[in-house]
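*Asks:* Generate coordinates for the entire structure from the input sequences, incorporating the hints supplied.
In the UniProt record's numbering, the protein residues as written are 1 to 292.
Because the hints were derived from the structure by calculation, they are not lab data. Accuracy of the hints is not assured; some may be wrong.
[As the list claims (entries may be wrong)] Below, simulated DSS-like cross-link-like pairs (lysine-lysine); rule was C-alpha separation at most 25 Å, straight line:
1. 93 <-> 2
2. 62 <-> 93
3. 245 <-> 274
4. 32 <-> 245
5. 32 <-> 93
6. 41 <-> 93
7. 264 <-> 164
8. 191 <-> 245
9. 264 <-> 169
Since this is a predicted model, take the numbers as computed values, not measurements.
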Amino acid sequence: MKPNFLVIGAMKSATTSLCELLGDHPEVFICKPKEPEFFCKDTVYKRGWKWYESLFSSALHKIAIGEGTASYTKRLVFPQTAIRIAHDIPDAKLIYIVRHPLERIESHWTHTILSGVNPNLRFCDALRQFPYYIDTSLYSHQISAYREYFSDDRILVLFFEDFKASPNKVLEQCFRFLGVDPTFQSSNAEKPRNVSGNLADTQMIRTMKQLPQLRSAVKLLPKSMKHPMKRIFQRQINKRPAWDKDTLQWVIDMVAPDAIAFLKHYGKPEDYWKLGNYRESEYPTPPVKLAS
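*Replies:* Below, the structure written as structure tokens:
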């Protein structure tokens, strides 16, 4: 059995929450793991179509069958993704949820830091050294790869800001798009989601995560035990990334033309994200530095 819809991103734009809530619908199936990364990563794609279809083997009698992989809209890193999807599931429907481009960049960088990657690299230095941070926020550029193969009526674009303000209204849009009962309302829609705080792994916990037997053992523990244990090995980060004036303006200059084109095409005012008012004074804290 193959999927008939995909949530393709954007990273750090509530794709996990969206997929979880879509999966609450009795006519919708979301595979586990939520992000199989089949079409973007060569190593996963080489596992073959039978492996991918096995992820949806439990989707009997479901109308909408899908998965969500945020990396499907990391065009710079995975340029082959859209053409693979178009070739393998040409009739698929695509859902793309986006957020304020600069907020997404900040969250993307924080996610990387929390994962233990380049923990001592300054935020602004990271943006200049790794172009994928900015490229992933060029939403018009990202979705254009899919618009080469999929008509606009097969692509649903959502805004994180709308989803946060009115989750059930956005879910109704999704349900109509997917052809399932649009009147269904998840009891989880109004609950806070992904509120885990900014916790960074220590070197010890990063090492432990690399041990398959230990990971398997931890999965068997009840949540009441896992959460306190995780806190023991993590450190709290409360600081937001700091912009300097030159980098902020440089990023705005790169993002703004793409954002305006995207907003115009998808029915939002050009100043919807108010990029020009994104002030560096809002980020007075020094860069996050983590002890080794």
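*Asks:* For every hint, state whether the structure bears it out.
*Replies:* Structure-based check of each hint:
no., hint, result
1, 93 <-> 2, "holds (12 Å)"
2, 62 <-> 93, "holds (15 Å)"
3, 245 <-> 274, "holds (17 Å)"
4, 32 <-> 245, "violated (42 Å)"
5, 32 <-> 93, "holds (19 Å)"
6, 41 <-> 93, "holds (21 Å)"
7, 264 <-> 164, "holds (21 Å)"
8, 191 <-> 245, "violated (37 Å)"
9, 264 <-> 169, "holds (21 Å)"
The structure does not agree with the numbered hints 4, 8 stated previously, though it agrees with the rest.
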